[in-house]
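Q: Chains A and B supply the protein sequences, listed in that same order. Residue numbers for the first sequence follow the numbering used here, so the first one is 1 and each next one is one higher. Residue numbers for the second sequence follow the numbering used here, so the first one is 1 and each next one is one higher.
Keep in mind that a hint or two might mislead.
What the hints assert, rightly or not - Distance ranges between label pairs, derived from CB positions:
1) A:I267 x B:G66: 35 to 41 Å
2) B:Y311 x A:S280: 31 to 37 Å
3) B:E109 x A:G203: 43 to 49 Å
4) B:G404 x A:P56: 37 to 43 Å
5) A:N77 x B:K130: 53 to 59 Å
6) A:I267 x B:Q156: 37 to 43 Å
7) B:A207 x A:S216: 33 to 39 Å
8) B:R342 x A:T62: 40 to 46 Å
9) B:A382 x A:S111: 31 to 37 Å
10) B:E243 x A:S243: 55 to 61 Å
11) B:Y311 x A:T81: 37 to 43 Å
12) A:S216 x B:Q156: 27 to 33 Å
To be verified - Under the rule of at most 30 Å between Cα atoms (straight-line distance), these lysine-lysine pairs were calculated in the BS3-like manner:
13) B:K2 x B:K39
14) B:K39 x A:K87
15) B:K127 x B:K2
16) A:K87 x A:K39
17) A:K87 x B:K313
18) B:K398 x A:K92
What the hints assert, rightly or not - Partner residues aside, some chain B positions facing chain A, computed with beta carbon under 8 Å:
19) E314
20) P321
21) N365
Don't read these hints as lab results, they were simulated from the structure. Glycine included, every Cβ here is placed at the ideal spot set by N, Cα and C.
Residues per chain, in single letters:
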Amino acid sequence: MSTWNKKDLVGLDALTAEEITHLLDTAMAFKGVGERNLKKVPALRGKTLVNFFVEPSTRTRTSFEIAAMRLSADVVNITATASSLQKGETLKDTALNLQALRADIIVLRHSSPGSSNFLSERLNSSIINAGDGAHEHPTQGLLDIFTIREKFGRIEGLNVAIIGDILFSRVARSNIFGLLKLGANVTLVGPSTLVPKRFEKLGVKVRHHIDDILESADVVNLLRIQHERQRKEYFPGLGEYISLFGLTKLRAARLSPSCLIMHPGPINRGVEIDSDVADSSQSVILDQVTNGIAVRMAVLYSCAGGAGIPA
Amino acid sequence: MKKITRITNGRVIDPANNRDEINDLWITDGVITSPLPGKETSTIDASGLIVAPGLIDIHVHLREPGQSHKETISSATRAAAAGGFTSLVAMPNTTPTADSAATITLIKEKAAREACVNIFCTGALTKGIKGEELAPYGSLINAGVVALTDDGHCIQNHELMRRAVEYARMFDLPVMDHCQDYAVVGDGIMHEGEWSLRLGIPGWPRAGEELIVARNIMLAELCDSPIHCQHISSGGSVRLLREARSRGVKISGEVCPHHIALTDAELAAFDSNFKMNPPLRAQEDIEAIIEGIADGTLTILCSDHAPHAAYEKEVEIDHAPFGITGLETEFSIFHDILVHKRKAIDLPRLIALYTSEPASLLKLNRGTLSLGAPADVTLINASMDWTFDKSASASLSKNTPFHGHTWRGRAVRTLVAGDTIWCLP
Numbered sequence: 001m002s003t004w005n006k007k008d009l010v011g012l013d014a015l016t017a018e019e020i021t022h023l024l025d026t027a028m029a030f031k032g033v034g035e036r037n038l039k040k041v042p043a044l045r046g047k048t049l050v051n052f053f054v055e056p057s058t059r060t061r062t063s064f065e066i067a068a069m070r071l072s073a074d075v076v077n078i079t080a081t082a083s084s085l086q087k088g089e090t091l092k093d094t095a096l097n098l099q100a101l102r103a104d105i106i107v108l109r110h111s112s113p114g115s116s117n118f119l120s121e122r123l124n125s126s127i128i129n130a131g132d133g134a135h136e137h138p139t140q141g142l143l144d145i146f147t148i149r150e151k152f153g154r155i156e157g158l159n160v161a162i163i164g165d166i167l168f169s170r171v172a173r174s175n176i177f178g179l180l181k182l183g184a185n186v187t188l189v190g191p192s193t194l195v196p197k198r199f200e201k202l203g204v205k206v207r208h209h210i211d212d213i214l215e216s217a218d219v220v221n222l223l224r225i226q227h228e229r230q231r232k233e234y235f236p237g238l239g240e241y242i243s244l245f246g247l248t249k250l251r252a253a254r255l256s257p258s259c260l261i262m263h264p265g266p267i268n269r270g271v272e273i274d275s276d277v278a279d280s281s282q283s284v285i286l287d288q289v290t291n292g293i294a295v296r297m298a299v300l301y302s303c304a305g306g307a308g309i310p311a
Numbered sequence: 001m002k003k004i005t006r007i008t009n010g011r012v013i014d015p016a017n018n019r020d021e022i023n024d025l026w027i028t029d030g031v032i033t034s035p036l037p038g039k040e041t042s043t044i045d046a047s048g049l050i051v052a053p054g055l056i057d058i059h060v061h062l063r064e065p066g067q068s069h070k071e072t073i074s075s076a077t078r079a080a081a082a083g084g085f086t087s088l089v090a091m092p093n094t095t096p097t098a099d100s101a102a103t104i105t106l107i108k109e110k111a112a113r114e115a116c117v118n119i120f121c122t123g124a125l126t127k128g129i130k131g132e133e134l135a136p137y138g139s140l141i142n143a144g145v146v147a148l149t150d151d152g153h154c155i156q157n158h159e160l161m162r163r164a165v166e167y168a169r170m171f172d173l174p175v176m177d178h179c180q181d182y183a184v185v186g187d188g189i190m191h192e193g194e195w196s197l198r199l200g201i202p203g204w205p206r207a208g209e210e211l212i213v214a215r216n217i218m219l220a221e222l223c224d225s226p227i228h229c230q231h232i233s234s235g236g237s238v239r240l241l242r243e244a245r246s247r248g249v250k251i252s253g254e255v256c257p258h259h260i261a262l263t264d265a266e267l268a269a270f271d272s273n274f275k276m277n278p279p280l281r282a283q284e285d286i287e288a289i290i291e292g293i294a295d296g297t298l299t300i301l302c303s304d305h306a307p308h309a310a311y312e313k314e315v316e317i318d319h320a321p322f323g324i325t326g327l328e329t330e331f332s333i334f335h336d337i338l339v340h341k342r343k344a345i346d347l348p349r350l351i352a353l354y355t356s357e358p359a360s361l362l363k364l365n366r367g368t369l370s371l372g373a374p375a376d377v378t379l380i381n382a383s384m385d386w387t388f389d390k391s392a393s394a395s396l397s398k399n400t401p402f403h404g405h406t407w408r409g410r411a412v413r414t415l416v417a418g419d420t421i422w423c424l425p
């Protein structure tokens, strides 16, 4: 457990396989805390965590908040509308103010790629990236990988398909970087406008026909089609998207019985995933949510805690 | 009494006159003259140095009027002098934009008081650089502009661009264009490629430049009038220009040092000092641009000196303004890469790309050591290695990606109209 010496988590691209494995192993140790009656350990007692969300989010923020509370940290939530960014203060100045308030950990959600890197180079506080534009969402990547490893006992050699809007997805990027480092075979599936062939330079395969990957997949991770981000030119409409890329019942039936169905949420029932398929026994969508707490506890603890894992 | 300066024993390189020889250069009252042995009132020893016509940068943002927190005419021209430049061509995207005789006059009057090098003005192609209606070229040329451009912006309406070029033709005014198709580029920030995919930063594809370069080639043909394409970044643009020039189309292109010194991989740290427009591209673009410089497709070198205050640049990568400084570093970067390391061109050609070529494009009475020419002279040490320290920069802004870089070759002394305005300490 001596492989971690970073104060920040800005992305999985910057981590080694050993560092990722360290976080996953630490998360495994923390998962038990959430199963207890008394869901709290004193690991971060006396530490102050600021959830600094410049872009709206409920589930990620709540997950970080619960993770911090289970570690006994004090938590403050700041959202963009309440923050000085609306009054013209720069991100750097706002963050320096948070540091001056002695925030030990700043969890940042921001629409700009690299915003967590930007703060991590300028502050002594631990910076945890909770999503920066289309760049990375490392705790989501980690919790997806944790869930896969929990079910299969390994990552190496697994065939993982990530399906949907990859171009604009920070979740996809963190999954790609983490899974490749741990030895998975990653295939990206989606329309050529959202999954350009050039992605293969990152070490993944690119496919534009979902039927090509169904039988061989050990994991299918479906990304939300983000209507709000996409202009009309990326694909003609939801109907065509469902017919070409939706995980319908017919397609789900062709998956291996051991294949995991994942989704980072929030799901659009009937769009990227059929409603019954989302609720099927192969679906681990809610396990992902539960595991998110353990993973975030591991990240907060590793970046801002002491040595060893408390019992 | 006449002021007579004798610059002795230098290698005099004057591309406009095909001159390259060890000789003395004589200056009388600010003008290049014949030798007047024994009459000199001062002597400059140029042994081991190159004696070149004063360098010209045809693409500079002086930021005055209206943006003096970034740069002033005084600070920009001092930075220029330290880079070996004796003449600058100012871009019109000031506040207010340089789209009227009044603003041009204001800049010229301020330059007359505060500039230590020559300032030539461009006027805007369209009112307010909005790309909607033509600026008054007639009064702009009366106020003394040497070219027209909407630099920083690009006229998207091809019909309006056609009429702009056609109307400018009547005044024999060169049109320069920042080549960017807005629809294709969208909110792009960096070269669209492997790195933009990896970093999740919106891509600015090569095609966004090439489409407008192609448009400009077609309009230059249609109007039989010259168009100069600014800051070429894409290898595809070089190929388009080469083909068009081989057919005699009046089209030209310029290159900035960062586009052959750095690639898009530099954005990995999300440092906005690597964010400029057009963006840093791939190694294959660098190769194509160097080839284009070597074979004469690209005829002008410049900086696109674009100072911004630290607080403006030190923000999220997508919020930061485009642009970097360049006046003090450009000559050394180009010399180091093109002449010293890659041997793509020789030293006289490098000097031509900074003197006779821009002077010829914009019909400036500069860029030569001909008898009777204004005595703008740059002394260059081509074998000197030096390391750039941005804290020592004369520019008000320090937004450079080149801090700590070492190059071979630099200007060591700059003379404007016979007077030394800067000398390497």
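Q: It remains to establish, for every hint, whether it holds in the given structure.
A: Now for the hints, and whether the structure bears them out:
Checked against the hint of 35 to 41 Å, the pair I267 of chain A and G66 of chain B fails, with Cβ atoms roughly 51 Å apart. Checked against the given bound of 31 to 37 Å, the beta carbons of Y311 of chain B and S280 of chain A, roughly 53 Å apart, lie outside it. Separated by about 60 Å at the C-beta atoms, E109 of chain B and G203 of chain A break the suggested range of 43 to 49 Å. Roughly 41 Å separates the CB atoms of G404 of chain B and P56 of chain A, a value that falls within the hinted 37 to 43 Å.
Between N77 of chain A and K130 of chain B the beta carbons are some 43 Å apart, a value that contradicts the proposed interval 53 to 59 Å. The given range of 37 to 43 Å is respected by I267 of chain A and Q156 of chain B, whose C-beta atoms sit roughly 40 Å from each other. In this structure the supplied range 33 to 39 Å holds for A207 of chain B paired with S216 of chain A, their Cβ-Cβ distance being about 35 Å. For the pair R342 of chain B and T62 of chain A, the beta carbons lie near 56 Å from each other, so the given range of 40 to 46 Å is not met.
Checked against the hint of 31 to 37 Å, the pair A382 of chain B and S111 of chain A fails, with Cβ atoms roughly 48 Å apart. In this structure the hint that E243 of chain B and S243 of chain A lie 55 to 61 Å apart at CB is violated, the actual value being about 44 Å. Separated by about 24 Å at the C-beta atoms, Y311 of chain B and T81 of chain A break the suggested range of 37 to 43 Å. Between S216 of chain A and Q156 of chain B the beta carbon distance is about 47 Å. The supplied range of 27 to 33 Å is therefore violated.
For the given pair, K2 of chain B sits about 9 Å from K39 of chain B by alpha-carbon distance, which is consistent with the 30 Å threshold. For the hint linking K39 of chain B to K87 of chain A, the alpha-carbon distance of about 68 Å lies beyond 30 Å, and the restraint is violated. Taking the CA atoms of K127 of chain B and K2 of chain B, the gap is about 47 Å. The hint is violated against a cut of 30 Å. Simply put, K87 of chain A and K39 of chain A have alpha-carbon atoms about 39 Å apart, too far for the 30 Å limit, and the pair is violated.
Under the criterion of a C-alpha separation no larger than 30 Å, the hint pairing K87 of chain A with K313 of chain B is consistent with the structure, at around 19 Å. Simply put, K398 of chain B and K92 of chain A have alpha-carbon atoms about 18 Å apart, close enough for the 30 Å limit, and the pair holds. The interface hint given for E314 of chain B holds, since its Cβ lies 6 Å from the closest Cβ of chain A, which is under the 8 Å cut-off. A least Cβ separation of about 13 Å between P321 of chain B and chain A goes past the 8 Å threshold, and the interface hint is therefore violated.
Restraint check, N365 of chain B versus chain A: the minimum CB separation of about 46 Å is more than 8 Å; hint violated.
The structure does not agree with the numbered hints 1, 2, 3, 5, 8, 9, 10, 11, 12, 14, 15, 16, 20, 21 stated previously, though it agrees with the rest.
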